[in-house]
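Chemist: The lines below spell out each chain.
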Amino acid sequence: MSIMSYNGGACIAMKGRNCIAIASDLRFGIQGQTVGMDFEKIFPMNDHLYLGLTGLASDILTVSERLEFHIKLYELRENRKISPKTFLSVLSNLLYEKRFGPYFIEPVIAGIDPKTRQPFIASCDLIGCPMEPEDFVVTGTCATQLYGMCEALWKPDMQPDELFECCSQALLNAVDRDAGSGWGAVVHIIEVGKVTTRRLKARMD
Amino acid sequence: MSERYSFSLTTFSPSGKLVQIEYALNAVTAGAPSVGIKASNGVVIAAEKKQKSILYDENSIHKVEQITENIGMIYSGMGPDYRVLLARARKIAQVYYRRYQESIPTIQLVQQVSNVMQEYTQSGGVRPFGVSLLICGFDNERPYLFQCDPSGAYFAWKATALGKNHLNGKTFLEKRYSDELELEDAVHTAILTLKESFEGVMDENNIELGIADEKGFRRLGPSEVNDYLASIA
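Top line first, the protein sequences correspond to chains A and B. Taken in order, the first sequence gives residues 90 to 294; the numbers are from my numbering. Taken in order, the second sequence gives residues 1407 to 1639; the numbers are from my numbering.
Don't read these hints as lab results, they were simulated from the structure. A few of these clues could be false.
List time: in silico SDA-like cross-link candidates among lysine to any residue, alpha-carbon distance up to 25 Å [stated by the list, open to error]:
| no. | chain 1 | residue 1 | chain 2 | residue 2 |
| --- | --- | --- | --- | --- |
| 1 | A | Lys174 | B | Lys1497 |
| 2 | B | Lys1497 | A | Glu186 |
| 3 | A | Lys174 | B | Arg1548 |
| 4 | A | Lys204 | B | Asn1447 |
| 5 | A | Lys204 | B | Glu1475 |
| 6 | B | Lys1497 | A | Thr175 |
| 7 | A | Lys290 | A | Gly273 |
| 8 | A | Lys174 | B | Lys1621 |
All values reported here derive from a predicted model rather than from experimental measurement.
Please put together the full structure from these sequences, using the hints given.
Modeler: As structure tokens, this is what we get:
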């Protein structure tokens, strides 16, 4: 039994044309038993910055709370919204601080830069190694399946509606091949000035 | 094992003043003049660096110092206290960079340095710093000029003078300053402001200039200073 698959879960973020999609499943399990079907793993840090976390559920809550604390103080002190790139550095530092006793999470960041209006996605491993690809990021117990689905479905410069379809199908079909993830899904489409949140009709098993 | 006083040496007088801070400000006013001017496209800081004897090697020690790529600092008051704050400011800037992978904004640096100065007015067994700092920087696509006082207060200036003769200096600047001033004119004006209180002949070895613009902060070399001095002669 791996600590990273104790609670199960999956997260995905994709870049589109001036928009991003970030989605997660809703399962909260304790090993084989599902105990929750509304455990969203995506947390808004501010209007244009969303954080997704998979892994150990209590660490998911702790890290998202610590980051929110951090970000709120930053925005008050500096009198400006944090940019996604800077947020990635904060997250990376926070995780590496616990290098020899880490948080058992794998985060995913999706946001729109407040100054340049460019879409931004990134992910880290549990000790903070950052990755900023141009297409998509995936984490969770069905990461392998997610990689396969994204590689097949993703294409650059998708409009919000197309991106939503792509992201949803990638997530749904990947979690259906994983016992630890599923039981519903939530997708956020983030554009400049607008965020659309939808829950997906999924296999509840 | 360090033995520290647990009580502060800076205490209120009946009238509500912190006399130690007043005295620290006196130390600043007794120090060599310094000037800062914010132009539309940059900031200039300058100071008089007169040495008491010709035996001094002027080019070994500098008053104008760089803190980061975009931020620089000058002072009036006690040199050794300045060095302590300079080291702290540089460290603050690097700690910020380590965490955010981003250069510290000038205002954030100023707030943190001022915080340090305030701590020394309310901690056990220490005295306030005997310097006022002029911190200049360029970020957010605009110039900034701040003064940090021994009390921990900080002020954003368009133009100001510190140290000996600062009142005359400020009066001079009030007449000369305009919002449309460009950096070249600002350097010119800064030198003239220093000249007002300068005894003797100004040359490239007894004044120091620093400039912050969109390319960053740098201290001017003796030959550049000489060029500016030549243009006002």
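Chemist: Give a verdict on every hint.
Modeler: Now for the hints, and whether the structure bears them out:
| no. | hint | result |
| --- | --- | --- |
| 1 | Lys174/A <-> Lys1497/B | holds (23 Å) |
| 2 | Lys1497/B <-> Glu186/A | holds (19 Å) |
| 3 | Lys174/A <-> Arg1548/B | holds (22 Å) |
| 4 | Lys204/A <-> Asn1447/B | holds (21 Å) |
| 5 | Lys204/A <-> Glu1475/B | holds (21 Å) |
| 6 | Lys1497/B <-> Thr175/A | holds (19 Å) |
| 7 | Lys290/A <-> Gly273/A | holds (6 Å) |
| 8 | Lys174/A <-> Lys1621/B | holds (23 Å) |
Checked against the numbered hints given earlier, the structure satisfies every one of them.
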